[in-house]
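One letter stands for each residue in the lines below.
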Amino acid sequence: MTTLHVLSHSPFSDTRLSSCLRVLGTDDALLLTGDAVYALQPQSSPLKALEEKSATLKLFVLEEDLLARHIDCPQWATAVDYPAFVELSIHYDKVNSWL
Amino acid sequence: MKFAIALYSAAHAPSSRRALRFAEAALASGHEIVRLFFYQDGVHSASSNVVTPQDEQDIAQQWAAFVSQHQLDGVVCIAAALRRGVLNEDEAARYERPAVNLQAPWELSGLGQLHDAIQSADRLICFGGP
Amino acid sequence: MAKSLLIISRQAPWSGPGAKEALDLVLAGGAFDLPIALMFMDDGVFQLVPGQNAAALQQKNLQANLQALSMFGVDDVFACGHSLAERGISPAHLAVDDVHALSTDEVRALIDRFDQVITL
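Protein chains in written order, with this note's numbering: chain X, 870 to 968; chain B, 3 to 132; chain A, 247 to 366.
Because the hints were derived from the structure by calculation, they are not lab data.
We put the beta carbon where it would ideally sit given N, CA and C, even for glycine.
Hints are supplied without guarantee of correctness; some may be wrong.
DSS-like mimics (lysine-lysine), calculated; alpha carbons at most 27 Å apart, straight line [as the list claims (entries may be wrong)]:
no. : chain 1 : residue 1 : chain 2 : residue 2
1   : B       : LYS4      : X       : LYS927
2   : B       : LYS4      : A       : LYS249
3   : A       : LYS249    : A       : LYS266
4   : A       : LYS249    : A       : LYS306
5   : X       : LYS917    : X       : LYS927
Label pairs and their computed distance ranges (CB to CB) [stated by the list, open to error]:
no. : chain 1 : residue 1 : chain 2 : residue 2 : range
6   : X       : GLN910    : A       : HIS346    : 35 to 41 Å
7   : B       : GLU58     : A       : MET317    : 30 to 36 Å
8   : A       : ASP321    : X       : PRO943    : 40 to 46 Å
9   : X       : ALA924    : B       : GLU34     : 33 to 39 Å
10  : A       : ALA248    : X       : GLN910    : 24 to 30 Å
11  : A       : MET317    : X       : GLN910    : 44 to 50 Å
12  : X       : PRO952    : B       : ASP92     : 36 to 42 Å
13  : X       : GLU920    : A       : ASP351    : 19 to 25 Å
14  : B       : ALA30     : X       : GLN910    : 27 to 33 Å
15  : X       : MET870    : A       : THR350    : 33 to 39 Å
16  : X       : THR895    : A       : GLY319    : 28 to 34 Å
17  : A       : HIS339    : X       : GLU920    : 39 to 45 Å
18  : B       : ASP75     : A       : ASP321    : 28 to 34 Å
19  : B       : MET3      : A       : ASP321    : 27 to 33 Å
Chain X on its own, in the form it takes in the complex:
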């Protein structure tokens, strides 16, 4: 089964991103929402950690959270709106939000 993992905590103050990346399966995807989009902050170590996996990581980002924070979506990730978020939750077999 494939899992869409969803994060909403900032990676700078929290261990959810590193724990999630450790257990992410090869067919799983990751959706960054809320403060988790700070993981895409340029020249940051969370961004480097994600870039290192960019060849195989299916990374999605909630667009409104990027816009609010003035952070760009890397070309190897996909920004999504709510209808696309709904579609993602269906495309993957289950959704695991790191509450």
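Using the hints provided, position chains B and A relative to the given structure of chain X.
Relative to chain X, chains B and A alone:
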């Protein structure tokens, strides 16, 4: 697709608004919401006593309107609600508390309702944290 | 056939109602005879440390709830080995019997095989 949506954060948390926007998009795309279940701090998202400044989004009010408009099953975990001081008329009377801050369309019930929703739905999605 | 549910408990025992509320969710599922498993991860593994004293914080002891797991038919209880090791907790001396410590690969496989997961 049938969705069970569980919310674990209060109305002022960005994740509560995010859950509502997701729920709206799910219905707009033609999907069904089997149940909304509010657990942990999510019980505060069902409060009828939240007051927001006029120039801010009143997410608690929007949740109540959403559930009423679409006649959805909006359930608030009773144990989590009591612990956090979110009481409907029956519970306020039972525990002799001075205020009622949970009203229709919300129902208080147990965790069995969340498990039932998970069993009935095709997808469970949880929202919480910031 | 009933959908299986994995609950991942990540909260430390004395940081608020989170740890107990995760357990309540597991016990409720067990009471309804649903296929439920529980895994402790990150600070959640602190719930498994022996010799804790809830009374020191005027809190209720979670041990009774943890011991009730098998009574409620929840026999699949796991702990993330990486989280235990990070915190210097030995998997051989946990406060709860029959907790299986898992490698990262096993954690990945566990998450993969359940129909639904709640990480709280």
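Hint numbers contradicted by this structure: Violated hints (numbers, rising): 4, 7, 10 and 15; every other hint is consistent with the structure.
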